[in-house]
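For the record, the sequence lines run as chains A and B. With the numbering used here as the guide, the letters of the first sequence map in order to residues 1 to 784. With the numbering used here as the guide, the letters of the second sequence map in order to residues 785 to 945.
Please note that the accuracy of each hint is not assured.
Claimed, not checked - In silico EDC-like links for lysine to aspartate or glutamate, alpha-carbon gap of 16 Å or less:
| id | chain 1 | residue 1 | chain 2 | residue 2 |
| --- | --- | --- | --- | --- |
| 1 | A | K34 | B | E861 |
| 2 | B | K912 | A | E706 |
| 3 | A | K397 | A | D306 |
| 4 | A | K397 | A | D429 |
| 5 | A | K305 | A | E210 |
| 6 | A | K44 | B | D853 |
| 7 | A | K547 | A | E566 |
| 8 | A | K34 | B | E864 |
| 9 | A | K648 | B | E907 |
| 10 | A | K522 | A | E463 |
| 11 | A | K296 | A | E755 |
| 12 | A | K44 | B | E861 |
Hints were generated in silico from the structure; no laboratory data involved.
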Amino acid sequence: MNENMPIDPEKVEPVKSIGVPMPLVDGPEKVSGKANYTADFVEKDALVGRILRSPVSHAEILSIEIAAAEALPGVVAVVTGEDFVGQFGVLPIARTEWPIARDRVRYRGEPIAAVAAVEVETAQKALDLIEFEYEELPAYFTAEDAMAEGVTPLHEKRPNNVERHVEYDLGEVDKGFEDAALIREGTYDCAEVCQVQTEPHAAIAAYDGERDQITVHASTQVPYYVHLMLEQTLGMPRSKIRVIKPHIGGGFGSRTECLHVELVAGALARKCKGTVRITLSREETFITHRGRPEQKTTLKMGMSKDGRITAVDTTTTQRGGAYAGYGTVTILYSGSMVFALYDIRNARYNGYRVLTNTPPCGAFRGHGTVNVRFAFESLMDDMATELGLDPFEVRRKNLLEAPTFTANDLMVNSYGLPECLDIVEKASDWKKRKGKMEPFRGLGIACSHYVSGASKPVNWTGEPHATVNIKLDFDGSLTILTGAPEIGQGSSTILTQCVAEVLGLDVTRIRIVTSDSLVTPKDNGAYSSRVTYMVGNAAIDAATNLKTILTEAAARKMDVQPEDVECLGEVYRAGSQDQGMTFEEVVYAALEGTGTITARGNFDTIPESWGGDKYRGAAIGGSMAFSYAAQVVEIAIDPDTADIHVEKVWVAHDCGKALNPLSVEGQIEGSVWMGMGQAMTEETRYHNGLGITGNMLDYRVPTIIESPPIETHIVESNDPHGPFGAKEAGEASLAGFLPALTNAIADALDIRVSELPTTPDRLMEIMEDKKRESRKSEKEKAGA
Amino acid sequence: MKNFVSMTLNGRARDDAIPGNMLLIDFLREIVGYTGTKIGCDGGECGCCTVLIDGKPRHACLTLAAVCDGAEVETIESLETEGRLSAIQRGFHEKLGAQCGFCTPGMVMAAEGLLRENPDPNEDEIRKGMAANICRCTGYVKIIEAVQAAAQEIASKEDAA
Numbered sequence: 001m002n003e004n005m006p007i008d009p010e011k012v013e014p015v016k017s018i019g020v021p022m023p024l025v026d027g028p029e030k031v032s033g034k035a036n037y038t039a040d041f042v043e044k045d046a047l048v049g050r051i052l053r054s055p056v057s058h059a060e061i062l063s064i065e066i067a068a069a070e071a072l073p074g075v076v077a078v079v080t081g082e083d084f085v086g087q088f089g090v091l092p093i094a095r096t097e098w099p100i101a102r103d104r105v106r107y108r109g110e111p112i113a114a115v116a117a118v119e120v121e122t123a124q125k126a127l128d129l130i131e132f133e134y135e136e137l138p139a140y141f142t143a144e145d146a147m148a149e150g151v152t153p154l155h156e157k158r159p160n161n162v163e164r165h166v167e168y169d170l171g172e173v174d175k176g177f178e179d180a181a182l183i184r185e186g187t188y189d190c191a192e193v194c195q196v197q198t199e200p201h202a203a204i205a206a207y208d209g210e211r212d213q214i215t216v217h218a219s220t221q222v223p224y225y226v227h228l229m230l231e232q233t234l235g236m237p238r239s240k241i242r243v244i245k246p247h248i249g250g251g252f253g254s255r256t257e258c259l260h261v262e263l264v265a266g267a268l269a270r271k272c273k274g275t276v277r278i279t280l281s282r283e284e285t286f287i288t289h290r291g292r293p294e295q296k297t298t299l300k301m302g303m304s305k306d307g308r309i310t311a312v313d314t315t316t317t318q319r320g321g322a323y324a325g326y327g328t329v330t331i332l333y334s335g336s337m338v339f340a341l342y343d344i345r346n347a348r349y350n351g352y353r354v355l356t357n358t359p360p361c362g363a364f365r366g367h368g369t370v371n372v373r374f375a376f377e378s379l380m381d382d383m384a385t386e387l388g389l390d391p392f393e394v395r396r397k398n399l400l401e402a403p404t405f406t407a408n409d410l411m412v413n414s415y416g417l418p419e420c421l422d423i424v425e426k427a428s429d430w431k432k433r434k435g436k437m438e439p440f441r442g443l444g445i446a447c448s449h450y451v452s453g454a455s456k457p458v459n460w461t462g463e464p465h466a467t468v469n470i471k472l473d474f475d476g477s478l479t480i481l482t483g484a485p486e487i488g489q490g491s492s493t494i495l496t497q498c499v500a501e502v503l504g505l506d507v508t509r510i511r512i513v514t515s516d517s518l519v520t521p522k523d524n525g526a527y528s529s530r531v532t533y534m535v536g537n538a539a540i541d542a543a544t545n546l547k548t549i550l551t552e553a554a555a556r557k558m559d560v561q562p563e564d565v566e567c568l569g570e571v572y573r574a575g576s577q578d579q580g581m582t583f584e585e586v587v588y589a590a591l592e593g594t595g596t597i598t599a600r601g602n603f604d605t606i607p608e609s610w611g612g613d614k615y616r617g618a619a620i621g622g623s624m625a626f627s628y629a630a631q632v633v634e635i636a637i638d639p640d641t642a643d644i645h646v647e648k649v650w651v652a653h654d655c656g657k658a659l660n661p662l663s664v665e666g667q668i669e670g671s672v673w674m675g676m677g678q679a680m681t682e683e684t685r686y687h688n689g690l691g692i693t694g695n696m697l698d699y700r701v702p703t704i705i706e707s708p709p710i711e712t713h714i715v716e717s718n719d720p721h722g723p724f725g726a727k728e729a730g731e732a733s734l735a736g737f738l739p740a741l742t743n744a745i746a747d748a749l750d751i752r753v754s755e756l757p758t759t760p761d762r763l764m765e766i767m768e769d770k771k772r773e774s775r776k777s778e779k780e781k782a783g784a
Numbered sequence: 785m786k787n788f789v790s791m792t793l794n795g796r797a798r799d800d801a802i803p804g805n806m807l808l809i810d811f812l813r814e815i816v817g818y819t820g821t822k823i824g825c826d827g828g829e830c831g832c833c834t835v836l837i838d839g840k841p842r843h844a845c846l847t848l849a850a851v852c853d854g855a856e857v858e859t860i861e862s863l864e865t866e867g868r869l870s871a872i873q874r875g876f877h878e879k880l881g882a883q884c885g886f887c888t889p890g891m892v893m894a895a896e897g898l899l900r901e902n903p904d905p906n907e908d909e910i911r912k913g914m915a916a917n918i919c920r921c922t923g924y925v926k927i928i929e930a931v932q933a934a935a936q937e938i939a940s941k942e943d944a945a
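Isolated chain A (complex conformation) (with noise of 0.2 Å):
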């Protein structure tokens, strides 16, 4: 070994980064109280903003009067929807909404003005002084109520309240019917539920009067459209608008579309010429909602003897909202993902997502698949107990078989649920234990699936699906410049694990900066799980370009084929004898001529996972790959209660390959359990459209005290298409935790429930029902 070869090349081989559970890059800042969220950017001279409500649910707004606000000291602006030009919506085909109401309120708790202050007791106070006029028109609650005949429409162009109605017929549906020994009906209703992501929406945005432009801080998980609809509503050109992600306290879905609050926030910084910081209360969070909407599905099934599903039917009705915002995806979703778990051929569904005066729905973690889920996994359930089979049994008979397609054209490459039913059984010691429980004990399983990526983007712009750059520069750290949004996921561990592992150096090499629309190329966002493997792609991509550029440069200076150069991440050598190049050496060399090198990595998804045309809007579900899991619960009922109490979960994700096993643990386990809270206590309720479950009180998020253990398998059924191998590993597992618990309430009491939240009163109630029941027939025989 010389001097200028402190590296041994004998030892060094290339690091792996790929496979190993490694804790996440942010996490010292997290852990230490450095990472900065939205509303910790304390600006000494930033104005407090804060938005007026409406008060009703459904007006035409006849005079909003600010003049009293605007003279009260301390107020340097007040804006209403006049200040905006032009109306948002994540889905282009449906920009309806206004940042604050224009003419007409839709749901209770809709902006109709704000107010920028020096301080928060003036804001309040000027909130207090905007008189607000409106004449009130009739209010829909319920989806019901909101598709009456005659009813006031909330929208021009949707008479009957339907935001949209899917339908297919997929294959001969009557027919499999007629196959079927068994033919079976239920009806299962979800009550509405809401991210409750720890970190409220929050917003600063800066205006800088003598350029004319804005920067804004959002605690959002699509940087790229809050950019686009700030455009749009304020009538700026995009290259006067900064968009910075920094630290976000979770998402779940609940902020995968622009939000009021940052172009209120861009709309008050301009006005006043200034920095507007808005942080919304909980309540304000709760009422911004984009939560999962309530849905009744009536679901029809028939099965073979052998428990072979031969035809569904699925009606479904979601309870959408003010405002269109996803739902037309969301309704899209709940028929693609119905059957398309398993191998089913004949299928029929027919969706409705209505427009009502409550606060609008979004994309909940699992999007439109999780509601159908339980009642697809509860009615199965109940059709195998009645022919004789088994749970785990009755799903086996309806797998599918990778490669395949599904009956409504989805590519599916990669399949792993067999493997997650074997681990699953056996791991809860199923067949030992199901049905011979003690009483009030009880065993459930479900099967679920999600999307690694919605493989055509919401605004189709040309551009790849993902971008990655990899900046090298003299001191040979790589930092990694991406948009994709870190919100708590880990995706910024996922890409810097895919870049050290493709270059073969340690993760402590390279840095990553992500989400800043100034420095970090374009990205959608951090939603359908589409981060892993689509920036995941791209980060390889980057990475394996600046190899190249590398070994090129390697090969110039060893004065040899670049075939013929070995990396090995810290040394670049041209055979085994070679002293070889230390990866500062190949820097230095691949800079000459060039400087600084940035390199690219795109990504794009393949048109046969496009998802096909055989129904329009069969695009949506359409991906690269599809994560599957299944899970057992098992719980113990209190007779006296009827308090449910999760023993344990055994759960087997199949995410194709384990970039990050750590992570993927963490995923899954948050999932299930977040499965849990809509199972057993989340629901939001209102009065006459007010909230009135808007805290984390009334809104019941299970605590530590009540949460399972959760043991957790990691299933790996190499994607051919997944970087390396890998899928989803975020959504899958929430679904099928709703369906077990209550096959294992089957399980336990012999009794279904088809009402969720699983709440011990209304389950009390049902178990009472039972009991009257049984009374009255044991009665009967003995009166006859």
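Since the structure of chain A is provided, determine the placement of chain B on it from the hints.
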């Protein structure tokens, strides 16, 4: 109406004139500039603002700054020593007890209070000790592991000393 308040904040004595109605959380974040302590709710629901007051975990959003006169207040910013993470912080980092990280400062301070009182808690005691803090990412599985790992690390260091 302002109150003259002398408190020890993260080991440093300070004197402030504080409005009587100012919450400790607003004092910490807006006046002092310690933004590590978070606000996740409208008062006493989530535990994101947990700090130690005279060694006990307390909600900074339910505490008036003025009542901290004479008290010792500790926030997340106080835990690192010589630029390195504390055992509890390391536990949360290495065991993935933090995903989005927003509840984490409160969680870490709740764990700090718990382990000072009970250095060797069993799982049930960890659950009870952390019950005032809501996390929406982890399902708490890895939070329990983080606290267990921290307790072990502290114990092994004390054994060595």
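Requested in this report: Return the numbers of the hints above that this structure violates; sort them in rising order.
Outcome: 4, 5, 6, 12
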